[in-house]
Amino acid sequence: MISSLRRRPPSFAIVQKELILRIRRIRSLLIQLIFASIVGIAMWISSVTVLQGNVIETRSPEDHALSLVMIYFTIQIIVLGLIVPSLGAVSITSEKQAKTWEPLISTDITPAQVVWGKLLGICGVLFYLLLLPAPILSMTMLFGGVSLGSIAFEYLVQFLAAIFIVSLGIASSAASKGTIRSLTQISLVTVPLTAMSLGFLWAEVYGNEMLLLDYLEQNTIPWQFWAWTLTGYLSVVGGSLMSASYTLSGVESARDVPVRVLIFTFVSLFFGLIVLTLWPELSQASVAFTGAKPVTMDGEFGFICSVLLLLIPLSLTRIAGSETKVPLRIAQMHQRGLRGTRIGLIFLPGGIRNLLYSCALLSIPLLSMVILMSYEGNTAQIGTGASTIVGTLSESDMFLMWQCSLFLWGVAVLALSWFFAQCGFSGIFSGALASGIHIAIGLIVMTAVELDWTDSKVLLLESLSPPVLMLRDSRNFPQISPQLWNQFNISMGISIVILLSLGVLMARRRGNPVWAVKRPDLDRLYVEIPEEVS
Amino acid sequence: MSIPRASIIEVRDLKMTYGKKDAVAGISFNVDRGVIHGFIGPNGAGKTTTIRILATLQVPTAGGAWVDGVNVVTEPKEVRRRLGYMPDYVGVYEGLSVLEYLDFFSRAYRLPLARRKSAISDVVELTDLGTLLDVEVHVLSKGMRQRLCLAQTLLPEPDLLILDEPASGLDPRARIEFRGLLTELRRLGKTIFLSSHILSELSPICDSVSIIEKGDLVAHGPLEEIQQRLQGTEVTYEIRLVAESEEVESVLSQIPGVSRISQEGRKVSFDWKGDDSEIHQVWGALSAKKIAFTSVKRHDDDLEKLFMSLTTGDVQ
Ligand SMILES: Nc1ncnc2c1ncn2[C@@H]1O[C@H](COP(=O)(O)OP(=O)(O)OP(=O)(O)O)[C@@H](O)[C@H]1O
Ligand SMILES: [Mg+2]
Chain R
1 MISSLRRRPP
11 SFAIVQKELI
21 LRIRRIRSLL
31 IQLIFASIVG
41 IAMWISSVTV
51 LQGNVIETRS
61 PEDHALSLVM
71 IYFTIQIIVL
81 GLIVPSLGAV
91 SITSEKQAKT
101 WEPLISTDIT
111 PAQVVWGKLL
121 GICGVLFYLL
131 LLPAPILSMT
141 MLFGGVSLGS
151 IAFEYLVQFL
161 AAIFIVSLGI
171 ASSAASKGTI
181 RSLTQISLVT
191 VPLTAMSLGF
201 LWAEVYGNEM
211 LLLDYLEQNT
221 IPWQFWAWTL
231 TGYLSVVGGS
241 LMSASYTLSG
251 VESARDVPVR
261 VLIFTFVSLF
271 FGLIVLTLWP
281 ELSQASVAFT
291 GAKPVTMDGE
301 FGFICSVLLL
311 LIPLSLTRIA
321 GSETKVPLRI
331 AQMHQRGLRG
341 TRIGLIFLPG
351 GIRNLLYSCA
361 LLSIPLLSMV
371 ILMSYEGNTA
381 QIGTGASTIV
391 GTLSESDMFL
401 MWQCSLFLWG
411 VAVLALSWFF
421 AQCGFSGIFS
431 GALASGIHIA
441 IGLIVMTAVE
451 LDWTDSKVLL
461 LESLSPPVLM
471 LRDSRNFPQI
481 SPQLWNQFNI
491 SMGISIVILL
501 SLGVLMARRR
511 GNPVWAVKRP
521 DLDRLYVEIP
531 EEVS
Chain W
1 MSIPRASIIE
11 VRDLKMTYGK
21 KDAVAGISFN
31 VDRGVIHGFI
41 GPNGAGKTTT
51 IRILATLQVP
61 TAGGAWVDGV
71 NVVTEPKEVR
81 RRLGYMPDYV
91 GVYEGLSVLE
101 YLDFFSRAYR
111 LPLARRKSAI
121 SDVVELTDLG
131 TLLDVEVHVL
141 SKGMRQRLCL
151 AQTLLPEPDL
161 LILDEPASGL
171 DPRARIEFRG
181 LLTELRRLGK
191 TIFLSSHILS
201 ELSPICDSVS
211 IIEKGDLVAH
221 GPLEEIQQRL
231 QGTEVTYEIR
241 LVAESEEVES
251 VLSQIPGVSR
261 ISQEGRKVSF
271 DWKGDDSEIH
281 QVWGALSAKK
291 IAFTSVKRHD
301 DDLEKLFMSL
311 TTGDVQ
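Residue numbers (my numbering), protein chains in the order written: chain R, 1 to 534; chain W, 1 to 316.
If you are wondering where the hints come from, they were derived from the structure by calculation, not from laboratory data.
A quick note: this is a predicted structure, and the numbers were derived from the prediction, not measured.
Be a bit skeptical, because a hint or two may be false.
[Said to hold, decoys possible] Covered by chain R, according to a simulated footprint, are these stretches of chain W (three or more residues, beta-carbon under 8 Å):
| no. | stretch |
| --- | --- |
| 1 | 10-20 |
| 2 | 62-70 |
| 3 | 88-95 |
| 4 | 99-111 |
[Claimed, not checked] Just the calculated beta-carbon pair ranges, DEER-fashion:
| no. | chain 1 | residue 1 | chain 2 | residue 2 | range |
| --- | --- | --- | --- | --- | --- |
| 5 | W | Gly130 | R | Leu234 | 45 to 51 Å |
| 6 | R | Ser268 | W | Leu113 | 40 to 46 Å |
| 7 | R | Ala112 | W | Arg187 | 38 to 44 Å |
| 8 | W | Gly284 | R | Lys99 | 56 to 62 Å |
| 9 | W | Arg260 | R | Lys99 | 45 to 51 Å |
All C-beta atoms, glycine included, are put in the ideal place defined by N, C-alpha and C.
Here chain R stands alone, though its shape is the one from the complex:
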């Protein structure tokens, strides 16, 4: 019987349950009524005011129909922004709070099936709800002027937006203990998103008497836009759903590995797209304005890249400082000699791999910058003469060198976070602590510089926080003294070495392996049954 229970077609149990529960609720019937009547009343009011103001004489019926359609979809978007986030956000926390979660995962249903089931169940009801007032919409067809295609497209965009928001909601629901927390998280994302899209719609599309499809037809959209949007959309939806199902599969499971691979792929894709987008512009620029300073990396773009390189380490501290113990399942898989765990060693969580992986992520933006620089070509030779090291380098090379020391700073931040994790702090805490310390150092340095301390002291202090200097003199890197550059690298190098050694020491003391994919603390777990104990 046990073996016959395996390998069945996908289970629709969850979808079915969600649909029954949601559609049956009287509350949802009420929502349906309220929703349909809001749309109806709004459209009726707008019709009446238009008629009373005799605008109808100056406007064609087609225009009137168009404005009704716009009102209709605007209301739909507002409702989407209000209802949809909560639907996703409560989906899994409600099961945890109602204590139905453990019985559920004790069945043969996998977390991934739960996540898919929830998504389909919620979106099914949602699409139904969105289509509910469609009969009202169909009346506008009587006026003509609005094509069925553009209405369908409008609906398609809304459905895609709904899937997007619901996926995000499920992910935050899976990661949170309580409903309140996931609701807060998700509204922080969706409220600005809804406001922004409404703003865009009215400023660019509806405001110009167009529907989305007309807008796309009238404006030629560069292929990069589609590439960005599609990559972004798919990564967010896919990433949320995947991370939701992996978050739900237990702390000691192998869930981190796919999430790490996914993050890595996403970051690579993201920066790959940046390179692809900027490349034509840069190469064109260097052809058109040789010698001058057009769109070069050490101009505006360079500044943006530097800021990115400054912010990325702070967002990666969470990964560098994550749990230093290898999850049990991964240690077992590795011990069994599973090839995947040998090849993708860097993606296995735990030990110093957390630091290496976050550094690998950090190196992606640096790498893309190097690629970009190689297309820019050398702009001008500078010779400050102040230093023997950088005296005869080009501006581009100088810029790259600064980016490298910024990278080194990033590694130092990550190493600090990693060190805290070795001391036993949780991921969020070590990350926050490391970022906080570096922000504090930055503030102190900035104050010191502003107070105009004596040169020697400033020099020493400044070398502790490269970002401050990068931001202050962002647009003319070559002017920063090469002496300082040396000092940066030395101080960052020293702090990395110290943090690494201290971290290794702490890990040893706490019995956590630094490199080995092992769980010595669980070595006392039995695999085989020891023979009779009294």
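Use these hints to put chain W with the ligands onto chain R, whose structure you have.
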């Protein structure tokens, strides 16, 4: 992958540490097939922790546990297929009817289509939910909910049922009915491992018990065996005299094995330490002095007594 084992649950040196505190401090025991096994201990003894480890919801710190010879840590999925687990607090999907609820779980357990109907009607019959099939789950009483949850865990026909305090919150009548249900399940060949902190609720149906306190196993074995350990300990007798007597205290105090005599009007109670077969000495001595009594009461709440004597009663 698993060799058939004599015991369905095997626990070896199982340890669960939270911070510096041992919730379970390295316990070892076996549970035989086809028995009802009581897992007894005061609040905070580590019952739920042990049970959650067995149900693969938690990874222990050291030691190991096997269900049907399958390791709960290394092969949790296999273990889940072999046991039905009912947590101490069970939630139900409010808004579904009893039948829909069971149907949902039969799909969740991925029972083949052909077997779903018969599996549902089997468990419905067993748990006596037949008249409630169309009732919505949220209007069910606590006792009925408990039955529904048991029905749900029975759907995939597990050999082992692990129930965490199934009788808590049930009224005496529901409790007795629930016991009847458990004995019926034992008759069907299932092993039942259930926890409780109320001894008397288990003593009528248990074949064997483990008593746990502060994470340590203080007793384990067949019920009779544990009861025999009581032999060396004291039993309280209470007798009611026909008429008040001054002599009774001095008579009783001369008999070896009798201690802690107390008299309250016609009611006399004393502790008896010794073999039950020797108690006739007491009755003989009393009748020799013409002290008549109308009733004898032996406080034979064995398990309760055992529980009190084995545990210090500290609630953690
Ligand atoms: N997640 C946890 N973190 C820290 N300590 C815990 C945790 N879970 C349980 N404990 C502690 O472990 C001990 C055993 O708890 P457990 O729930 O197993 O007891 P129990 O025997 O089921 O008690 P009760 O009869 O109250 O249900 C308790 O002292 C409890 O405080
Ligand atoms: Mg408990």
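The hints, checked one at a time:
1. 10-20: Coverage by chain R holds for the stretch 10-20 of chain W (4 residues, Cβ < 8 Å).
2. 62-70: holds (count 5)
3. 88-95: holds (count 7)
4. 99-111: Holds, because 8 residues of the stretch 99-111 of chain W bring their Cβ atoms closer than 8 Å to Cβ atoms of chain R.
5. Gly130/W to Leu234/R: 45 to 51 Å: 50 Å, holds
6. Ser268/R to Leu113/W: 40 to 46 Å: 45 Å, holds
7. Ala112/R to Arg187/W: 38 to 44 Å: With a Cβ separation near 39 Å, Ala112/R and Arg187/W satisfy 38 to 44 Å, so the hint holds.
8. Gly284/W to Lys99/R: 56 to 62 Å: Taking Cβ atoms as reference, Gly284/W and Lys99/R lie about 60 Å apart, which means the hint holds.
9. Arg260/W to Lys99/R: 45 to 51 Å: This hint holds: roughly 47 Å between Cβ atoms.
The structure shown violates none of the earlier numbered hints.
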